[in-house]
Amino acid sequence: MYQTLEKNEPIPKYIEIADILQSEIEEGRYKVGDKIPSEAQLCRRFHDNRYTIRQALDLLVNTGIVRSHQGKGHFVCEKPLDIRYTITSSMRFSKIMRQVGCVPEAKVLRKEIMSPPDHIRQTLDLEEDTQVYRLDILRYADGTPLTLNVTWLPADLFPDLLSRLESLVSLYSILEDEYGVFPVRMRSNVQAIYPNAIEASYLQIPPNQNLLHIESVMRDNYGRLVEYTSAKYRGDLCSVSIDF
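According to my numbering, the sequence shown is numbered sequentially starting from 1306.
Please note that the accuracy of each hint is not assured.
[What the hints assert, rightly or not] Derived lysine-lysine pairs resembling BS3-like cross-links, with alpha carbons at most 30 Å apart:
| no. | residue 1 | residue 2 |
| --- | --- | --- |
| 1 | Lys-1416 | Lys-1400 |
| 2 | Lys-1318 | Lys-1400 |
| 3 | Lys-1412 | Lys-1377 |
| 4 | Lys-1377 | Lys-1318 |
| 5 | Lys-1377 | Lys-1340 |
| 6 | Lys-1377 | Lys-1336 |
Hints listed in this document are in silico derivations from the structure and should not be mistaken for laboratory results.
Let the sequences and hints guide you as you build the complete structure.
What follows is the structure, given as structure tokens:
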């Protein structure tokens, strides 16, 4: 069962600590290569136990903000990624990642066929009884989680799509190669937002880290509305421009 978390749920203490340390790094209190305070020092500062402090440090390590040296402590890293991401009429995540020298990966978190919510039905101009695929996909660049996508596709246009997602790298490659459908972007809306708890967990970021939320609607080569995607990009690792 796919779970969602309410935005007003309390933030775990280790995430609060990680957020404070990340803010201090970003403000220049600790520079690249600097050693941050030890676990014992952080325990005293935050009045918490070593387990909580280690969770906070592990989050910073997983996010690529600090690195751990056995027996020496934790040190500030350079940013793992600094991607200039350009939205075009026919962009592919995997193609753009390769163009900037990164290895793209994808993990399907949720896949199902269902009746669409009203706003999806209206956006894709679907008949009342039309079903859709919902695909929740976490995308990586060089092993770092970069974007969380929720994609909706009319199910009647892509029979048996769910069985073709086992080794997903590029969804558009499947649509093009298996169904002869070439999506072209109609429009995109871009907004800065904060993640909810589960989004922050998947993207390995603190909850007040900005995301770039890009909502896009796509037509295919036959003029049909074939896709609506809500994509949330890590604002600390990439900047986005639009060119179509």
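Status of the hints after comparison with the structure:
1. Lys-1416 to Lys-1400: The given pair, whose Cα atoms are some 23 Å apart, holds under the 30 Å limit.
2. Lys-1318 to Lys-1400: Outside the cut-off at roughly 39 Å; violated.
3. Lys-1412 to Lys-1377: violated, 34 Å
4. Lys-1377 to Lys-1318: holds, 25 Å
5. Lys-1377 to Lys-1340: This hinted pair holds, its Cα atoms lying about 9 Å apart.
6. Lys-1377 to Lys-1336: Satisfied, since the Cα-Cα distance of roughly 17 Å is no more than 30 Å.
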